[in-house]
Every structure is written in structure tokens, then in C-alpha cells.
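Next come the chains, spelled out residue by residue.
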Amino acid sequence: MNRGFASLTTSGARYWRDRLTGWGLLLVAVLLQACATVPYPDRRDPLESMNRSIFGFNDVLDRAIVKPVATVYRDATPTWMRKGVANFFNNLEDMWSVVNNALQLRGKDTGESIARVMVNSTLGVLGFVDVASDMNVERHTANLGLTLGRWGVGSGPYLVLPFFGPSTLRDAAAFPVDLAGNPANAIDDVGTRNGLTVVNLVNIRAAYIGAGNVVEEAALDKYSFLRDAYLQRRRNQVYDGNPPDEEEPVEP
Amino acid sequence: MKRDFLLRFFWVSALLIGLSCATQAYAEDETADGLIKRLSVDVLETIKADKTIRGGDMTKVIALVDTRIMPNVNFQRMTASAVGPAWRQATPEQQKRLQEEFKALLVRTYAGALSQVSDQVISIKPMRASPEDKEVLVRSEVKGSGDPIQLDYRLEKTPGQGAGWKIYNLNVLGVWLVETYRSQFAQEVNAKGIDGLIGLLAERNKANSKKG
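As they're listed, the protein sequences go chains A and B.
So the first sequence is numbered by the working numbering: it starts at 8 and just counts up by one.
So the second sequence is numbered by the working numbering: it starts at 1166 and just counts up by one.
One should not assume that every hint holds.
Straight-line C-alpha distance at most 27 angstroms; calculated BS3-like pairs for lysine-lysine [to be verified]:
(1) 229(A) <-> 1371(B)
(2) 229(A) <-> 1322(B)
(3) 1261(B) <-> 1213(B)
(4) 1216(B) <-> 1268(B)
(5) 1357(B) <-> 1371(B)
(6) 1371(B) <-> 90(A)
(7) 1322(B) <-> 90(A)
(8) 1357(B) <-> 115(A)
(9) 1261(B) <-> 1376(B)
(10) 1261(B) <-> 1290(B)
(11) 229(A) <-> 1268(B)
(12) 1299(B) <-> 1322(B)
(13) 1299(B) <-> 90(A)
(14) 1225(B) <-> 1376(B)
(15) 74(A) <-> 1376(B)
(16) 1299(B) <-> 1202(B)
(17) 1216(B) <-> 1261(B)
(18) 74(A) <-> 1290(B)
(19) 229(A) <-> 1375(B)
(20) 229(A) <-> 1290(B)
(21) 1299(B) <-> 74(A)
(22) 1202(B) <-> 1213(B)
(23) 1322(B) <-> 1261(B)
A short, non-exhaustive set of chain A residues, derived as facing chain B with CB atoms under 7 angstroms [to be verified]:
(24) 45
(25) 192
(26) 224
(27) 225
(28) 230
(29) 235
(30) 236
(31) 243
(32) 248
Estimated spans, in silico, between C-beta atoms of each pair [what the hints assert, rightly or not]:
(33) 1265(B) <-> 180(A): 43 to 51 angstroms
(34) 142(A) <-> 1203(B): 26 to 34 angstroms
(35) 1203(B) <-> 247(A): 25 to 33 angstroms
(36) 1265(B) <-> 130(A): 21 to 29 angstroms
(37) 67(A) <-> 1206(B): 41 to 49 angstroms
(38) 1235(B) <-> 196(A): 53 to 61 angstroms
(39) 1298(B) <-> 73(A): 43 to 51 angstroms
(40) 1206(B) <-> 217(A): 41 to 49 angstroms
Since the hints were made in silico from the structure, they are not lab data.
Every residue, glycine too, gets a C-beta built ideally from N, C-alpha and C.
Construct the complete structure from the given sequences, taking the supplied hints into account.
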């Protein structure tokens, strides 16, 4: 733990230097598209044109590579194993939730998050078994974007990130810190670190194959559907499940 | 004299029957959270008891949604609210078609989500509402393996009609159904008009049902 957090900043910086060059090029290409106009602008989404291009890129990538790989993985592995992998990464995420719940001055949530990490890392065999949930200690997932939101920082315009999908200016700005805050990214060995990231992403995608298919069927325009869902969900989290009404629904 | 008595007897009994019917109707009205609880338990138990539903028998799930859930939903209000201002400009025929197609889309989606139910339990959260409220929010949580899923409903009072309450919006994990369709619908109506939206919905439903 200690070593992990000490090397966190340097490895985080390196992690980002490696990636930023490639992203920079992609971003320039995509930003050139941002000036194009869209037919029916939404006030929460001034960068819609750019966002739609990135969304299209992500969608192609998902159809061509990510989803097929995740499907093969799902069919080749038993459920308990995928569950265990998810638990392992959730446990790492819970460590970062401890920090964020503390930053939000939420005593109970911080305490429960600490308890989860302690119980799951030991009794739960390095996090592979979620013993804490069986003991009814609930998860309180929190990242820096949420912490900023709860301290009153507005979400800013909607953004679609390459590879990572829906976000907002606030969440995207906090995202590098969130990545650096994950102990999995503090591992010095590049191979191990990348391997873990790939396993985590494939495992997550495999868990959402069903949900993804529901969205395919339910959405008339997948872009708007996911945007509106993401913005509502995030707002709901910031207000702790009880957001004030945005506007009155239209009466029939 | 005798006739007068008969007439009076007739009126009094008519009044009594009418009254008892009325009170009975009101007695049947549940509380909003009571209704949600009954519906959730009913639907979950049916799914758990029926292997063919969990096996993915879509027609069965759709039938379940249609018979148990839809009678407690004000679907006209849901559609109108999702369509927005354009709803008022739609002809009654267009409104009817919009409702039918939107309903087909949602029932299928909802059924798809329901068929993934396994060991879930629903808990209804305590409701903060006064008896005069015409519209209420009922919050619930689905607990199974993994993180609990927030599931909330907005209901309106419909005295003497159905169970006394009708659902007009629901949210999963903080995402309201009607709001999620609003900009998609507006986009299509702005581009191709109401008929364009009806056409798009119909097309999507056809494609979905082909998938089986």
C-alpha cells in the first residue's frame, strides 16, 4: 500500500506521457470537426459535432474489437471467475473511494469503504471475494469528478472521450487523477500494468453485453440516448439520488 | 301511498347500492408505495416461478408486462411527456399510433431487462408524502448480487380508477425514462415531423421483433 502510493505520482505521470502524444494527434483531427454545426443543438452539449465523431470512432472500435473479444471471453470463462475478477478490481477502486469519500467529508461512507477494503483484501483473498457485501457493508463508489460535483463544481459541457466514452468537462479533467489514484496503475512493470488494464476492461465489457443489447434495441439515436442517460445519472449521483427537478414535465 | 313507499324504497336502495359501490371503490385504493410493492413482488415471483420466462421466452414476458403492469400505467401521459410540445399538434390518430409504437418499444425493452432477473429482492423505501398529494414519488431498490439498483416511480392519483394510482414515469439508477426519450423524439420530430417519428418507431419495433 505505502509503496504503491509513494510511486503513484511518478508512474502516473509516465503513464500519461506515453499516452498523451497519441491522443493529442487524434484530438487535433477530431477538433477540426468541432466547428461543424449540428441541426438541433442541445444547450448541455455545445461540442456535439466533435462528440459525435468520437462516439462514432468508439462505436466502430467496440463493434470491431472490444465486443467480440469480450464475447469470446464471456463464453470461455465461468461466471464465478468473472465475478472474482470484477471483485478484485472493485476492491482497488474502493481504495480510491476511501480517499474521495473522505474528501467529501462523508464519515460513514468513508468508514464503510475502509472496512470493505480491509475485509475484502484479507478475508476476501486479495479482493477476489466480496465478503463485505455479504456482511451488508455497502459500496460507496466515489471518484474525483463526483467529489468536485459535490463541492459545487458544475459539470460543464458534455464530452465523449476516445476509448472511455461519455463524460463531462469536470469528469474528464478529474479522470487522469482518478486513473493515477487506482493502485493498479501504480504498478511499475509496464507489462503487468497494461495486462491488468486489459483484463479489467474486457471483464467490464463482458458484464455489459446484455445491457448493451438492450440499449441497441431501445435507443432511436444511441448518441442522444447515452448522453441523456449519462448526464442524468451523474447529476443523480452528485445529489445523492435526490436531484431537484430540472424543469416541469409537459402536461398532456 | 303504497306506490309512494315503493318509490322511496327504490331510491333509498339505489342510493345505498351506489354508496356501497363508491366506498368499496375507495376501499380498494391502495397507497402508492403499497401498489408498487404488490406489483414488484407479483412480477418477481412470477418470473422466479416460471423457467420459460428466465429462458428468454419473449412472448411470455411481454404478456406478463401487458397484463400485470400496463393497467397501472398512464401511458398516454408518458408518451405525451416524451413527445413534448409537438404532442398537441398531433392528430388523435397520430397520438394513438405514437402511443402504440412507443409502448411496443418500451414493453420489449422492459421485458428484456426483466428476463435477466434471478435472485433479486425489492425493497421499498419509506415514502415522504401527505395524503392530499396528487402526485408522489416511490423509491425502491433492487438487491441481488452486486451493487443495489435504484428504481423509482412517479405516480398520479386516479381515484376509483384501477388501483387508485397510475405510474407516469420511472427511473433506473437515476435515469428517468421519459426524459431519456425527449431529445431523441424532438430530434426526429424537428427533422421529419410526427409521421417521421411514428415511422422510425415502427421501423425499430419491426427490427427488434425480427431478432426474436
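Going down the list of hints, with the structure as the test:
1. With a C-alpha separation of about 17 angstroms, the suggested pair residue 229(A) and residue 1371(B) falls inside the 27 angstroms cut-off, and the hint holds.
2. Taking the CA atoms of residue 229(A) and residue 1322(B), the gap is near 34 angstroms; set against the 27 angstroms cutoff, the hint is violated.
3. Our distance criterion of 27 angstroms between C-alpha atoms is broken by residue 1261(B) and residue 1213(B), whose separation comes to about 34 angstroms.
4. Under the criterion of a C-alpha separation no larger than 27 angstroms, the hint pairing residue 1216(B) with residue 1268(B) is consistent with the structure, at around 25 angstroms.
5. A C-alpha spacing of about 19 angstroms is found between residue 1357(B) and residue 1371(B), which places the hinted pair at or below 27 angstroms, so the restraint holds.
6. With a C-alpha separation of about 35 angstroms, the suggested pairing of residue 1371(B) with residue 90(A) is violated against the 27 angstroms cut-off.
7. Restraint check for residue 1322(B) and residue 90(A): the C-alpha separation of about 43 angstroms exceeds 27 angstroms, so the hint is violated.
8. About 52 angstroms separates the Cα atoms of residue 1357(B) and residue 115(A), which puts this hinted pair outside 27 angstroms; it is violated.
9. For a cut-off of 27 angstroms, the pair hint linking residue 1261(B) to residue 1376(B) stands: about 26 angstroms separates their Cα positions.
10. Of the supplied pair hints, the one linking residue 1261(B) and residue 1290(B) is violated, its CA atoms being roughly 35 angstroms apart against a limit of 27 angstroms.
11. Between residue 229(A) and residue 1268(B) the alpha-carbon distance is near 19 angstroms, which keeps this suggested pair within the 27 angstroms criterion.
12. Of the supplied pair hints, the one linking residue 1299(B) and residue 1322(B) holds, its CA atoms being roughly 5 angstroms apart against a limit of 27 angstroms.
13. Taking the CA atoms of residue 1299(B) and residue 90(A), the gap is about 44 angstroms. The hint is violated against a cut of 27 angstroms.
14. Taken as a hint, the residue 1225(B) and residue 1376(B) pair is honoured in the structure, with Cα atoms around 16 angstroms apart against an allowance of 27 angstroms.
15. At roughly 18 angstroms between alpha-carbon atoms, residue 74(A) and residue 1376(B) fall within 27 angstroms of each other, so this suggested pair holds.
16. Proposed proximity of residue 1299(B) and residue 1202(B) is supported: the alpha carbons are some 19 angstroms apart, at most 27 angstroms.
17. Using a Cα cut-off of 27 angstroms, the hinted pair residue 1216(B) and residue 1261(B) is violated, with the two alpha carbons roughly 35 angstroms apart.
18. In summary, the hint linking residue 74(A) to residue 1290(B) is not supported, as the alpha carbons are separated by about 37 angstroms, beyond the 27 angstroms threshold.
19. Distance check on the hinted pair: residue 229(A) and residue 1375(B) sit about 20 angstroms apart at the alpha-carbon level, within 27 angstroms; holds.
20. For the hint pairing residue 229(A) with residue 1290(B), the CA-to-CA distance comes to about 32 angstroms; that exceeds 27 angstroms, so the pair is violated.
21. For the given pair, residue 1299(B) sits about 46 angstroms from residue 74(A) by alpha-carbon distance, which is inconsistent with the 27 angstroms threshold.
22. A distance of roughly 16 angstroms separates the Cα atoms of residue 1202(B) and residue 1213(B); the hinted pair therefore holds under the 27 angstroms criterion.
23. Taking the CA atoms of residue 1322(B) and residue 1261(B), the gap is near 23 angstroms; set against the 27 angstroms cutoff, the hint holds.
24. Interface restraint check for residue 45(A): the shortest CB-CB distance to chain B comes to about 10 angstroms, outside 7 angstroms, so the restraint is violated.
25. Given the 7 angstroms rule on beta carbons, the hint for residue 192(A) is violated: about 23 angstroms separates it from the nearest Cβ of chain B.
26. About 5 angstroms separates the beta-carbon of residue 224(A) from the nearest beta-carbon of chain B, less than 7 angstroms, and the hint is met.
27. For residue 225(A), the suggested interface contact is upheld, since its CB lies about 4 angstroms from the closest CB of chain B, less than 7 angstroms.
28. Hint status for residue 230(A) relative to chain B: violated, with the closest Cβ pair at about 9 angstroms, above 7 angstroms.
29. Of the supplied interface hints, the one on residue 235(A) holds, with its beta-carbon coming within about 5 angstroms of a beta-carbon of chain B, less than 7 angstroms.
30. The restraint placing residue 236(A) at the interface with chain B holds, with a minimum CB-CB distance near 5 angstroms, inside the 7 angstroms limit.
31. Because the closest C-beta pair between residue 243(A) and chain B is about 3 angstroms apart, less than 7 angstroms, the hint holds.
32. Restraint check, residue 248(A) versus chain B: the minimum CB separation of about 6 angstroms is within 7 angstroms; hint holds.
33. Range check, residue 1265(B) to residue 180(A): about 45 angstroms between beta-carbon atoms, so the 43 to 51 angstroms window is met.
34. Separated by about 31 angstroms at the C-beta atoms, residue 142(A) and residue 1203(B) satisfy the suggested range of 26 to 34 angstroms.
35. Separation of residue 1203(B) from residue 247(A) is about 28 angstroms and conforms to the stated range, judged on CB atoms against 25 to 33 angstroms.
36. Restraint check, residue 1265(B) to residue 130(A): a C-beta distance of roughly 54 angstroms breaks the suggested window 21 to 29 angstroms.
37. Between residue 67(A) and residue 1206(B) the Cβ separation comes to about 43 angstroms, which falls inside the hinted range of 41 to 49 angstroms.
38. Our hint of 53 to 61 angstroms for residue 1235(B) and residue 196(A) holds, since their Cβ atoms are close to 56 angstroms apart.
39. In this structure the hint that residue 1298(B) and residue 73(A) lie 43 to 51 angstroms apart at CB holds, the actual value being about 46 angstroms.
40. Separation of residue 1206(B) from residue 217(A) is about 24 angstroms and departs from the stated range, judged on CB atoms against 41 to 49 angstroms.
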